[in-house]
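Undergrad: Residue numbers (the working numbering), protein chains in the order written: chain A, 4 to 113; chain B, 1170 to 1248.
By construction, these hints were calculated from the structure, which means they are not laboratory data. All of these numbers come straight from a predicted model, not from anything done at the bench. A few of these clues could be false.
Capping the alpha-carbon separation at 20 Å, the derived lysine to any residue pairs in SDA-like fashion look like this [said to hold, decoys possible]: (1) Lys66/A - Lys1221/B; (2) Lys80/A - Met93/A; (3) Lys66/A - Ala109/A; (4) Lys66/A - Ala1237/B; (5) Lys66/A - Gln1218/B; (6) Lys66/A - Gly1197/B.
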Amino acid sequence: MSDAHSRISALVNDHDVVLFMKGTPLFPQCGFSSRAVAILDHCGVAYEGVDVLQDMEIRQGIKAYSDWPTIPQLYVKGEFIGGSDIMMEMFEAGELQQLLDEQQVARAEG
Amino acid sequence: MPMSAAEIESMITAALPGAVVEMTDLAGDNDHWAARVTAPQFAGKNRVQQHKMVYEALGGRMGGVLHALQLTTAIPTSD
């Protein structure tokens, strides 16, 4: 198992909700990542943002790990949920909020 | 070189015969596209699987040449 694989595995298992993104939740560096952040903020859940621009190993590794070619990527309880288009589709259908409720993920503070 | 709407559309329909592809030029620059793909092959697949089928149809260009393709997938409704 590669180092990137084990690091990603640790990230998605240590946090209920992980968003692999370009930039940070406060300063997204791409429109798709920005949209993903807006959706999670709207859902009011606590999440770990991982800036792939600061980590080439993760940036390449996450594509293989998820078998998914683009960033951002959302994980909930260790499971790959999708990219920003799927997040938006699920959010609009109320399915994302339902999933987060069902998985009993922690709420954002404040 | 950015991919044209016709190129994207023909690659998708070649891999998914019968698919209906609606392309929207998001930024008016012939580079940032939204594609809505309705295909009978999506039946019984979840969203991640449906999107992967389209990415496979695009033969690895997604995330590379095609850095900005907004994708929506749907199963045709019977009439």
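Undergrad: Given the hinted pair lysine 80/A and methionine 93/A, is their alpha-carbon gap at most 20 Å?
TA: holds (17 Å)
Undergrad: Lysine 66/A and glycine 1197/B: Cα distance at most 20 Å?
TA: violated (29 Å)
Undergrad: Compare the distance between the alpha carbons of lysine 66/A and alanine 1237/B with 20 Å, and conclude whether the hinted pair is satisfied.
TA: holds (16 Å)
Undergrad: Starting from lysine 66/A, check that the Cα of alanine 109/A is at most 20 Å away, please.
TA: violated (26 Å)
Undergrad: If you draw a straight line from the CA of lysine 66/A to the CA of glutamine 1218/B, is it 20 Å or shorter?
TA: The hint holds at about 15 Å.
Undergrad: Do the alpha carbons of lysine 66/A and lysine 1221/B lie within 20 Å of each other, as the hint requires?
TA: holds (12 Å)
Checked against the numbered hints above, the structure violates hints 3 and 6; every other hint is satisfied.
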